[in-house]
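Counting from 6, one number per residue, gives the positions in the sequence shown under the numbering used here.
Treat the hints with care, since some could be wrong.
[Claimed, not checked] No more than 27 Å apart at the CA atoms, straight line, and that leaves these computed lysine-lysine pairs for BS3-like:
#1 K232 - K263
#2 K201 - K263
#3 K240 - K211
#4 K240 - K263
#5 K232 - K222
#6 K98 - K305
#7 K301 - K232
#8 K263 - K222
#9 K211 - K222
#10 K222 - K240
#11 K305 - K263
#12 K232 - K211
#13 K222 - K201
[What the hints assert, rightly or not] Have a look at the derived ranges for each label pair, beta carbon to beta carbon:
#14 H107 - K222: 14 to 24 Å
#15 G275 - S86: 35 to 45 Å
#16 N159 - K222: 28 to 38 Å
#17 K211 - E231: 31 to 41 Å
The hints are simulated quantities; they were obtained by calculation from the structure and are not laboratory data. Just so it is clear, CB atoms sit at the ideal spot from N, CA and C, and this is done for glycine as well.
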Amino acid sequence: MVGLKSIDFTGVKTFRLGGFVVPLFGNNSTRLKQSQKTNLSRRKSVSTLIHRRSLVFHLLLFPVFIEKGFSTMAWRSHGTSNVELVDTLRRNKLLHSESVYHAMRATDRANYISFDSTFGSHSYAYQDTPQPIGYNATISAPHMHATCLELLVNHLHFDSNALDVGSGSGYLSACMLRMILESERNSDGSRDENRKGVVVGVEHIKGLNDKAIENVKRDGLESMLEKGRLRLLAKDGRLGYQECAPYSAIHVGAAAPKIPETLIEQLDRGGRMVIPVGEDGGYQELMQVDKGLDGKVTAKSVFGVRYVPLCEKSYQWTEKD
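Using the sequences and the accompanying hints, generate a full structural model.
Following this line, the structure appears as structure tokens:
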């Protein structure tokens with residue numbers, strides 16, 4: 006696997022977190038160290054400690070620069086409403102296809118985020134940043150959702166089943182389903198009832214999965230749950246979900262040390278999987294995994310990322326937390 010690309014953050018090594026370039030850190034804390042600059046007479050240094058569970062809040066303190074070849078607009082794509090957020094993502098060229106655009110516009114991000122005394126305003130849901138959703142989990146930044154959906158857009162169609170591993174809040178599962186449903190429409194706008202693509206979201210924390218079910222109901226997809234077109238299950242995502250396999254599209258929302266063989270087996274011929282790969286606290290990359298019609302599997306790196314690990318349930322959350 007290609008090592009994580011880094012850039013100069015005023016002399017500090019950096020990496021991408023959910024698409025953002027931020028200072029390099031270890032498993033439990035971060036020490037930022039500014040390297041010597043040739044045009045300065047003396048060495049300056051800066052250090053800070055960042056607790057893992059509060060990382061998302063501390064990230065807002067740092068200036069952010071996006072790696073060349075991705076976009077300089079990722080943290081400028083905020084909105085005051087869901088429509089404004091998605092329109093800004095498109096204007097900043099972070100999403101391109103009509104299918105992704107309409108799915109994200111129809112899926113109100115505020116329905117998938119828990120609001121408390123810290124984040125009391127629904128407008129915070131429309132910031133292009135990762136946000137906490139409880140159970141030591143986060144919902145990814147909107148531009149990362151857009152990126153993953155764009156990578157899968159040609160594999161989310163009327164006759165495909167899709168799998169969302171680590172489905173968390175249920176947001177991306179809902180977007181994937183809406184893309185499939187839109188592809189089922191006939192030229193006159195009616196829906197072909199013989200086309201029955203299914204989206205399966207798998208989340209190993211039952212409490213979080215229960216919240217996801219309530220989220221998608223609030224977002225207008227209760228009938229899809231009742232019909233079995235959207236299935237949100239409290240299971241170990243590393244095992245996939247054999248009952249609805251094979252899948253034309255698989256999205257994995259947490260980083261695996263290596264691509265799980267079980268998920269490759271459940272990927273359909275002609276299908277695509279998008280998965281972050283790398284050790285927790287180490288180098289990670291978003292990988293695009295394609296299975297050819299002949300069954301041959303190829304993988305390539307999209308860019309460097311920083312995700313929570315695809316792990317045992319007890320590693321992420323216990324009742325005492």
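Would you list, in rising numerical order, the hints stated earlier that this structure does not obey? 1, 2, 7, 8, 17
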